[in-house]
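Peer 1: Single-letter residue listing:
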Amino acid sequence: MSKKNEIAVEVKGLSKSYGPVQAVKSIDLQIGMGEYFALLGPSGGGKTTLLRLIGGFIRPTEGQVFLHNQEVSHLPPNARPTSMVFQSFALFPHMTVVQNVGYGLRLKKVASAEIKDKVANMLKTVGLDGYGERMPHELSGGQQQRVQLARSFVLETDILLLDEPLAALDANLRRDMCIELKRLQEKIGMTFIHVTHNQEEAMTVADNMAIIADGILVEMGKSSDLYENPIRRFTADFIGENNIFDGQVSKIEDDVIHVDLGSSSIAVLSRGQKTSVGDKVSVSVRSELARAIDTSTSSTEPLEILSGVHRESVYLGLTTSELITLDNGQEVLARRVSDRYGGHTISNGTSIKVGWRQQDGRLHIS
Amino acid sequence: MFWMKPAFTLFAYENFFTSARVDNFLASMGHSSISVLIAFVIGFPIAVFVRRRVPQVAQHRVILLFILPFAVSEIIRIFALRPFLQRNGLVNDVLLKIGVINEPITAILFTPTGVIIGEVMSFLPFIVFSGFLAMEAVPKYVFEICEDLGAGPIRVFIDVIMPLAAPGIFAGSLFIFVNGLGVALLPNILGGPGAVNAGLIATQAISALDFPLAMAVSAIMMATLLGLLYIGHRLFNLTRILTPLS
Amino acid sequence: MNDDYSSKWGYRLKWLYTLLVVTTLMLPVFFVMYISFNENGFGARDYDFTFEWYGLIFSDLLMMDAITSTLILSAITVIFVVPMGLITAKLYKITQYPLTVVSLMLSPLFVPSDILGAALLVFFKNLNGAFTLFGEWVGVSWFDTWFDLGYFSAIVGLIIYTLPYVFVVILITMGRYRKEQTEAARSCGATAWQAFWHVEFPQIKAGIFSSCAFTLILCFNEYTRTSLLKGGFDTFTTVLVSQMLNEGMSEQSYAMSSLVSYIAIAIIGSVIIFTLVRSERLERIARAKAEPLMAS
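Chains as they are written, first to last, in the numbering used here: chain A, 1 to 366; chain B, 1 to 246; chain C, 1 to 296.
One chain only, chain A, in its complex shape (with noise of 0.2 Å):
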């Protein structure tokens, strides 16, 4: 997999403004060559214009646009080596499904008996050998994402392009093309460029995702990175069930800093960031790292504390969920595995405390 290494897409200082409102502003962004990478982040965010602007549907107001090195910036779409995958009604309803995923080889002008040919085999690639009579609305939606993918691949480009492709599917069907998703990537091994809201979907076939939310790329890196290391706060906010303490800086002691909330005091290790005291702060912890903790549990390492009082307990089936109004009026959350035979339940309105082991916490400067 050396291909890695090589850089598929950049990104410098790309900007697009419609009028006064600006849609994305300055993203510097790098994506490897046979990557798959997911575009994260909240609707109206930015996240679909960033990939129009990669695939050449719409022109940048500043910045540029690599493809394999090559400055791509005001190139339309059928002059770079992009293709697209589109959410819903973007197979050809006059064709078949023969005819749709032929549909660029023929503008290539290839030989009819060769696009026979790669069209029969991408077919079976993604699954609906047999299919290649029917019409698009004689397929579901799932099928008819299938096409799209085989109408993409069979032009053996080396970039796709995925704009949400999975949100007019249900639930279940989303997960199983997921896997499928994640799968056809690896087989062909293009660069997958993926823009969802879902972070399930992201996080089931990235390997690397950026957040980008309000116009700015907030962070980027691997999804495990950001669901455990996350730096920015926003990302802790968005992914995954963070708990999100804001403070002061009150005091630093080498790697440790303490952080004041008013009416209580955490610390958090810095791990490397830079910070002064009074500086304004967060400090996040997962909820599943977070236990509620009552008066006679006695705890076998030092942990952060905050009190408050038990809300409610939620069962979700995996998990339960404990919900504990701090004494400053903040509500916190503390997800545990459920437990299966019985186990201890709270009732509402006892005092509580809730605590992590102080390595727990992440602390965010921005």
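The hints are simulated quantities; they were obtained by calculation from the structure and are not laboratory data. Where a beta carbon is used, it is the ideal one built from N, C-alpha and C, also for glycine. Do not rely on the hints blindly, as some may be mistaken.
What the hints assert, rightly or not - The following label-pair restraints were derived from C-beta to C-beta distances:
1) A/134 - B/235: 51 to 57 Å
2) B/230 - C/234: 37 to 43 Å
3) B/158 - C/178: 25 to 31 Å
4) C/178 - B/235: 44 to 50 Å
5) C/10 - A/134: 43 to 49 Å
6) C/209 - A/112: 43 to 49 Å
7) B/17 - C/275: 46 to 52 Å
8) B/228 - C/10: 33 to 39 Å
9) B/95 - C/19: 21 to 27 Å
10) C/275 - A/331: 53 to 59 Å
11) A/116 - C/11: 52 to 58 Å
To be verified - Over 12 Å on every C-beta distance to chain C, these chain B residues come out as not near it, computed from the model:
12) 23
13) 37
14) 98
15) 163
Assemble the complex: chain A is given as a structure, and chains B and C must be docked to it using the hints.
Peer 2: Frame of chain A; chains B and C shown alone:
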């Protein structure tokens, strides 16, 4: 070749306003207004009916039926009214036969009544179309709410249908009104001597090579039209009509 | 569907009323058709059915010339108007000033035919005059008849007249079309033109052909603009008018009017039926989609 010497003057307008033509013009406005009213009363209920009671898929087909008259040339349609409305025409024949009247009515053709009938017949489909489009602004559930609250059909019409469908109705009515004023054929063929509308004045002026007069009349017509459009827009916000197009 | 519509008779009555109105509107036309089959012409007491007059159309040179000139005028108008309408419709979809575009495009509808004809006539005469003067000044007689009234000015008038209709029809048809299709085609390597021709056009074909048919019918049937802007009595409508005002309509004219009407009604009727069939087919497709299909 001879042509007019360009010189800026309001002579043509003076000419128009001081002659009997102004009276004719105003009279024709009156006739057109009556036509609009009659067309509305006859045609708008059809639009409401099709929108409300005819199943969605069939609606467009029914409305398209009203295009059929346009398959035929306007002059044929208008001219063909003569054998109906004239002294020894079909209408009189029938009325005589069934004994409603004792003598043929002469006061149809070659009078303003004839012109009005001609206008209604020629332009009725437009009220149906614009009424149909206008009714898009009235969602179905509104009628259910009205029934629920106990409103009778008249109240529903006044309080609900009219305000919501107003822009479309206005546009359709304006179309009929303006065409009634402007189409020379109608008074020419159906009206009597002295029945004129702006269009006829203009075309007659042209044949008499009195271009300034023709243009003056046209300008007045356009000013009337723009004025009405403006009033309509202020009252009803005509841009609402355009939503089905986007 | 109105499953609990209380009064079945109310419904039927209203339907009857609607049909009655349509029939009344069509009455004069039917009457003309009725006469066209009468051997004894208009107003005669006896009625003998015959096709004689229809046959005579083809031997009446005046008629045939008229029909041919009108056909030529209409065809040329269609060739210009439909692409214009199409381009404007596409512009409307992406412009930042949709209101301006629509107002401009729909404005001819509110100008009555005579006013439009008269104004254009004077316009062309002025233009003609200006160009001729210019020519004299420059010393050539080249410009003399450029904007003379004739086929050219008539066509301009017809284009202005029909453009709004074409625009609306195409726009409505394009409402169904999804932009993603063009993007998908571009993504497959198509140029803008290829994307339009291979993907968009097949889907808006119906609208484009309807607007062609509609324009043809409109041009055939309109009178004022052609007469004012072309002059003479050599088109379908002007020939009829000349007869009406002078000798009264010849029997062939009734037949010719009826013939043109049949064709026009047939065209509109087939458009209605075609959309009927199409919408039922689409309904069937939608129903099929709603039912559970095989697992993906």
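Peer 1: Could you run down the list of hints and mark each one as holding or not?
Peer 2: Evaluated hints:
{"no.": "1", "hint": "A/134 - B/235: 51 to 57 Å", "verdict": "54 Å, holds"}
{"no.": "2", "hint": "B/230 - C/234: 37 to 43 Å", "verdict": "41 Å, holds"}
{"no.": "3", "hint": "B/158 - C/178: 25 to 31 Å", "verdict": "41 Å, violated"}
{"no.": "4", "hint": "C/178 - B/235: 44 to 50 Å", "verdict": "37 Å, violated"}
{"no.": "5", "hint": "C/10 - A/134: 43 to 49 Å", "verdict": "46 Å, holds"}
{"no.": "6", "hint": "C/209 - A/112: 43 to 49 Å", "verdict": "30 Å, violated"}
{"no.": "7", "hint": "B/17 - C/275: 46 to 52 Å", "verdict": "50 Å, holds"}
{"no.": "8", "hint": "B/228 - C/10: 33 to 39 Å", "verdict": "36 Å, holds"}
{"no.": "9", "hint": "B/95 - C/19: 21 to 27 Å", "verdict": "23 Å, holds"}
{"no.": "10", "hint": "C/275 - A/331: 53 to 59 Å", "verdict": "58 Å, holds"}
{"no.": "11", "hint": "A/116 - C/11: 52 to 58 Å", "verdict": "56 Å, holds"}
{"no.": "12", "hint": "23", "verdict": "19 Å, holds"}
{"no.": "13", "hint": "37", "verdict": "16 Å, holds"}
{"no.": "14", "hint": "98", "verdict": "18 Å, holds"}
{"no.": "15", "hint": "163", "verdict": "22 Å, holds"}
The structure is inconsistent with the numbered hints 3, 4, 6, although it conforms to all the rest.
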